[in-house]
Amino acid sequence: MSNSATSLPLEAYAKWVGQAPRDWPEEALHIARRSLIDTVACMVPGADDSAPSKLWPVVQGWGSGDARAVARSDSLSAPGAALFNGTCAHALDFDDNFDPAKAHASAVLIPALLALADAEDASIGDVLDGYIVGLQIMGVVGQGVNPFHRSRGWHATGTLGAIGAAAGCARLLRLDAEEAAHAISLSTSLAGGFMSQFGSDTKPIHAGFAASGGVQAALMARAGITAGTDTLDGPTGLRTLMVGQDVEELAAAMEGKAEHGQTMRFNTANVGEPLHVTEHGLKIKRFPNCGSLHRALDGLLALMEQHSITADAVQTVLVRAPAAHLRNLMHENPQTPAEAKFSLEYSLAAALQAGEVGLGDYEPGAIQRPEVRALMPLITKEYVEKLESEFPTQVHITLKDGRTVQTALAMPVGSKAHPMSDAQLWQKLETCLAAATGFTADALLKELADLDPAKPARQLTAALQS
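Residues in the sequence shown are numbered consecutively from 1, following UniProt numbering.
It should be emphasised that the hints constitute simulated quantities derived from the structure, not laboratory data.
The beta carbon of each residue, even a glycine, is placed where N, CA and C say it ideally should be.
Among the hints, erroneous ones may be present.
Unchecked claim - Distance windows between CB atoms, simulated: (1) Thr380 x Thr336: 21 to 31 Å; (2) Arg22 x Lys54: 50 to 60 Å; (3) Thr236 x Asp452: 42 to 52 Å; (4) Ala366 x Gln19: 49 to 59 Å; (5) Gly438 x Asp23: 51 to 61 Å; (6) Thr236 x Gly358: 40 to 50 Å; (7) Gly365 x Asp23: 26 to 36 Å.
Unchecked claim - Lysine-lysine pairs mimicking BS3-like chemistry, simulated, CA-CA at most 30 Å apart: (8) Lys416 x Lys446; (9) Lys416 x Lys257; (10) Lys416 x Lys455.
Assemble the whole structure, with the sequences as input and the hints as a guide.
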């Protein structure tokens with residue numbers, strides 16, 4: 001294989017997957033451990049939610065295996081466990097965001113890697129290594145197709161997530177460069193998901209599909225199944241088909257203003273530099289709803305605290321935000337918990353009413369609360385046709401006494417710019433585990449407190465069944 005920058009993207013990425021050293025910086029490993037903890041925090045209570053509850057008898061009917069299902073006593077095949085656990089991880093929309101891919105990364109990568117590690121008796125260290133590698137490939141592919149892949153309606157968690165999971169799983173299986181190339185290529189045939197599914201049970205299942213697809217692709221590649229070499233950049237490859245025939249014009253328009261490294265071109269030189277897990281990090285969520293809400297929610301709550309504002313003093317709340325954010329929040333009058341997670345009006349009204357937003361605000365009985373519904377008409381929005389990095393979200397509150405207060409946020413709490421501390425992350429974990437029905441958390445907390453790379457991953461997955 002060639003080392004030049006003109007290599008096929010698939011060739012360059014697969015070579016890095018197969019040959020990258022395993023001695024990662026401690027900062028990278030620390031972030032990977034945090035991502036594992038955060039994803040587990042989301043998976044366990046997520047197992048009680050609508051989509052996983054309906055999915056469970058389906059995957060259970062496909063037969064047992066060597067990979068454990070979260071918050072269930074049964075074990076499934078590795079692809080089956082990845083599907084179920086990935087759906088659990090994304091069900092509450094409390095899982096992290098990853099900017100280069102414009103996707104939920106960890107809800108795909110962690111379930112895929114844990115399922116495969118369970119079946120293969122791999123170590124925690126193998127999972128962390130696979131996570132760093134999978135995130136990198138998910139990121140560099142994402143930079144080659146975004147922001148337009150996402151803004152044109154593809155749910156990148158389902159599309160790019162499958163590719164990242166395949167790369168991470170190929171790494172865990174110790175596939176060579178040629179086998180890893182087949183795994184990544186195979187995953188493009190398993191990549192899919194439309195934003196039109198937002199607010200339905202299918203949206204979180206996209207994460208499960210991607211996790212399972214990554215496991216399947218890596219196992220198929222290990223078995224010798226071959227795949228095409230130009231599925232990323234060819235005329236009928238991912239970049240053209242999942243962005244559009246005008247992809248080159250769009251890439252030219254992005255010259256000089258790419259955000260999160262999104263140049264719309266596949267970079268095949270120095271695939272592992274910068275390392276995405278440290279350069280970009282993950283946005284760990286403060287709130288259990290769509291990440292497009294978070295800058296607005298952070299701003300609203302900050303203004304309420306700074307100015308001692310209560311709901312009865314508010315005349316209106318105006319949110320001015322990038323159009324790409326507001327288009328994600330399509331449910332102005334949500335009728336279900338899933339729709340409410342994609343509602344600016346509901347979520348800001350809930351925050352205005354209580355001074356915080358938590359898991360309880362998205363329970364079935366909470367959506368129609370009269371005191372929250374009465375505040376929803378106060379929430380207005382203005383679409384701004386600029387990139388996320390070009391326009392910080394603005395929150396303007398007009399009070400009944402005539403005063404106006406406002407703020408603007410470029411990055412939410414939980415991002416690299418405003419990180420959540422380890423103590424805050426652990427508090428999120430404990431809060432989430434306490435919300436899970438009938439789950440005994442002691443064993444799991446003990447395992448997560450000591451993520452020794454040498455430990456078998458099976459010790460952690462066993463505790464996930466408590």
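Each hint, compared with the structure:
{"no.": "1", "hint": "Thr380 x Thr336: 21 to 31 Å", "result": "23 Å, holds"}
{"no.": "2", "hint": "Arg22 x Lys54: 50 to 60 Å", "result": "39 Å, violated"}
{"no.": "3", "hint": "Thr236 x Asp452: 42 to 52 Å", "result": "46 Å, holds"}
{"no.": "4", "hint": "Ala366 x Gln19: 49 to 59 Å", "result": "51 Å, holds"}
{"no.": "5", "hint": "Gly438 x Asp23: 51 to 61 Å", "result": "42 Å, violated"}
{"no.": "6", "hint": "Thr236 x Gly358: 40 to 50 Å", "result": "46 Å, holds"}
{"no.": "7", "hint": "Gly365 x Asp23: 26 to 36 Å", "result": "51 Å, violated"}
{"no.": "8", "hint": "Lys416 x Lys446", "result": "27 Å, holds"}
{"no.": "9", "hint": "Lys416 x Lys257", "result": "20 Å, holds"}
{"no.": "10", "hint": "Lys416 x Lys455", "result": "29 Å, holds"}
Going down the numbered hints, you'll see the structure goes against 2, 5 and 7, while the others check out.
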